[in-house]
Amino acid sequence: GAVVSQHPSWVICKSGTSVKIECRSLDFQATTMFWYRQFPKQSLMLMATSNEGSKATYEQGVEKDKFLINHASLTLSTLTVTSAHPEDSSFYICSARDSRLGEKLFFGSGTQLSVL
Amino acid sequence: SQQGEEDPQALSIQEGENATMNCSYKTSINNLQWYRQNSGRGLVHLILIRSNEREKHSGRLRVTLDTSKKSSSLLITASRAADTASYFCATEAANYQLIWGAGTKLIIKP
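So the protein sequences, as listed, match chains X and P. In case it helps, the working numbering puts the first sequence at residues 91 to 206. In case it helps, the working numbering puts the second sequence at residues 125 to 234.
What the hints contain is simulated information worked out from the structure, not anything from laboratory work. Just to be clear, a hint being listed does not mean it is correct.
Taking lysine to aspartate or glutamate pairs in the EDC-like style, the calculated list, with each CA pair at most 16 Å apart, reads [said to hold, decoys possible]: (1) X:K156 to X:E177; (2) P:K193 to P:D207; (3) X:K131 to P:E129; (4) P:K194 to P:D131; (5) X:K104 to X:D178; (6) X:K194 to P:D207; (7) X:K131 to P:E216; (8) X:K154 to X:D178; (9) P:K150 to P:D131.
Whole structure, please, built from the sequences with the hints as guidance.
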């Protein structure tokens, strides 16, 4: 079945540094990638949607200069949290959709970010 | 994204019993999907039901959809300890945007 590989699984960094999270589709073409943020015991909060080769569409309230998304190929999307601060600490999850496979989303395993 | 509503927020049952979770939404939909999330992990797609379908089965899972009431239910029969997880519904609106429910935390006691 379709697999989405997300790494790192967890990262601890100092305040002010940038962190890059990668999301790869291993056996399908991720025509659309979604990036979510999830706080403990809460649902997913969509941050942005990206289509391969296009600029990401950010949800209201999400700073595009802080959360840089690159979807340069059909198998790779990256989320870079720039100048991270403790309030950016969260669980970040990517998901991918291949339009040829229908409406189902395939999720990465998530990245727990802790900013000290 | 506007969230749908799920109830209960949490459910604890004995292994072997059936578990039922409900999801309500507000807009017209193309389909409704159920996902499962183990603690600290990504989500796994369980089942998708289209707006013109009323019931769907997959193994021990049964999903119903009532578009007149804008609600869906997920039934897990003969629950197992391994079913312990959070379950989320997501509705795909006409503009293809997914709207997520708040989730139900299911605990199966052995």
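Cross-check of the supplied hints:
1. X:K156 to X:E177: Between X:K156 and X:E177 the Cα gap is close to 12 Å, so the pair holds against 16 Å.
2. P:K193 to P:D207: Distance of about 28 Å is beyond 16 Å: violated.
3. X:K131 to P:E129: holds, 14 Å
4. P:K194 to P:D131: holds, 14 Å
5. X:K104 to X:D178: Between X:K104 and X:D178 the Cα gap is close to 11 Å, so the pair holds against 16 Å.
6. X:K194 to P:D207: violated, 21 Å
7. X:K131 to P:E216: Distance ~23 Å between X:K131 and P:E216 Cα, so the pair is violated.
8. X:K154 to X:D178: holds, 14 Å
9. P:K150 to P:D131: Holds - the C-alpha atoms of P:D131 and P:K150 are around 15 Å apart, at most 16 Å.
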